Amino acid sequence: DTGVSQDPRHKITKRGQNVTFRCDPISEHNRLYWYRQTLGQGPEFLTYFQNEAQLEKSRLLSDRFSAERPKGSFSTLEIQRTEQGDSAMYLCASSLGGAPILPTDTQYFGPGTRLTVL
Amino acid sequence: DQQVKQNSPSLSVQEGRISILNCDYTNSMFDYFLWYKKYPAEGPTFLISISSIKDKNEDGRFTVFLNKSAKHLSLHIVPSQPGDSAVYFCAASAGNQFYFGTGTSLTVIP
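So the sequences go chain by chain: S and X. Residue numbering for the first sequence follows our numbering, beginning at 1 and increasing consecutively. Residue numbering for the second sequence follows our numbering, beginning at 1001 and increasing consecutively.
Among the hints, erroneous ones may be present.
Chain X is faced by these chain S residues, among others (derived, beta-carbon under 7 Å) [claimed, not checked]:
1) Q41
2) F45
3) E56
4) L91
5) T106
6) F109
7) G110
In short, the hints are calculated from the structure, not lab data. Computed from a predicted structure; not experimentally measured. Positions of the beta carbon are idealized from the N, C-alpha and C atoms, including for glycine.
So that you can see chain X by itself, here it is in the shape it has in the complex (with noise of 0.2 Å):
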């Protein structure tokens, strides 16, 4: 059962505007939630992170929002640059194991 889900395989948008990745969890136990980001023939990088108490956390062109009532999170770049070009992952947690969405591949067209 995927409990971390990433509707929308890929995205594109125009440098220089926003991007809006999302996700949606269905555990209600999950407390902290991250997005990594992830080159070809690398693993995952770490990008940002929010802690269940918050509904926001803000780190220059990143910012994530959590809805809990929702169950959704989102990730916004601002502005958009070509270098942000990657597959992006959402995961949560709940104690000891992180679960991960399947992915969002960004393209930011220069």
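Isolated chain S, as found in the complex (with noise of 0.2 Å):
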């Protein structure tokens, strides 16, 4: 299976506790996306890369939330000091990329991770 992979499928969390999640985009996307997803809602972008480095970042971003992309490869998202407003569905995207933007550079999507904080 050559698409898009997260872990932790699901976790679930106290209040407080830090977790981090990781992505592991396509290989040989150069791009790649942070979502979450909360019920009733489409994905809200959080944050990207190109390559290694974090390009763009959401005002949804709090302090609290950290992304890397240490190698250009696999991603990692990190929630400290988890609220319960941090349950939600995170997904991960890549796309071939390229600077400006492609027409054709659509995003594949993991299957995400669900957050639960108790």
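Fit the two chains together into the complex; they arrive one by one in their own frames, and the hints show the way.
Pasting the structure below:
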């Protein structure tokens, strides 16, 4: 399977704990995106990377959130001091990339990590 | 602010008939539009896209129409099949960010 993979698929944690999610994009995809999706909503953009550089961050990404893509391949999203409002599906997507964004630069999504904060 | 809107949360269609899913957007700078399909417990799956220089793109049973003056796009599925039952998201981009609608849940009745 050469699609986008995410780990873990489910995470239950207590309020105040730190959690870290991993995303492995499609190989050779330069861009990697993180989204958050809550019930009844579409995916909301959090941040994206062009190779290892984090180029854009949403205002939704508070200072408790940090994302890295150290070698331009896999990425991690860490949430510190989790709150109940952080409960959501966290989706990762990758695309071939290029600057400016190409008309055919379709994003391919992973299955997501469902976070529940108790 | 919701820049991409899907005003119909759900749609039911008989098998074999046409399904029409609608999407409106507010940002005239959007130049690339996509439809994604999502099954429960899975991530969205790319379905079809259209560039703003076109007004129609067709791929098998799926056709996307873009009306730039009305800032409206639609997805037509014909004929509809039970396996098409899923949540459909439209998305739009202007540069490096994609904005998604809230989704329409399509049920195709056998």
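query: Any CB of chain X closer than 7 Å to the CB of F45/S?
result: It holds, given that the least Cβ distance between F45/S and chain X is near 5 Å, below 7 Å.
query: Regarding the hint that Q41/S lies at the interface with chain X, is the smallest CB-CB distance below 7 Å?
result: It holds, given that the least Cβ distance between Q41/S and chain X is near 6 Å, below 7 Å.
- prompt: Should the interface hint for F109/S be scored as holding, given a Cβ-Cβ cut-off of 7 Å against chain X?
  reply: This hint holds: F109/S lies near chain X, its Cβ roughly 4 Å from the closest one there, short of 7 Å.
query: Per the CB criterion, is G110/S less than 7 Å away from chain X?
result: At 5 Å from the nearest chain X Cβ, G110/S passes the 7 Å test, so the hint holds.
- request: Let me know if the C-beta of E56/S comes in closer than 7 Å to any C-beta of chain X, holds or violated.
  value: Holds - the Cβ of E56/S comes within 7 Å of chain X, reaching about 6 Å at its closest.
- prompt: Would the hint on L91/S stand, with a C-beta cut-off of 7 Å toward chain X?
  reply: Because about 6 Å separates L91/S from the closest Cβ in chain X, which is inside the 7 Å limit, the hint holds.
When the least beta-carbon distance from T106/S to chain X is tested against 7 Å, hint result: For T106/S, the interface hint holds, since the closest Cβ of chain X sits about 5 Å away, which is under 7 Å.
Checked against the numbered hints given earlier, the structure satisfies every one of them.
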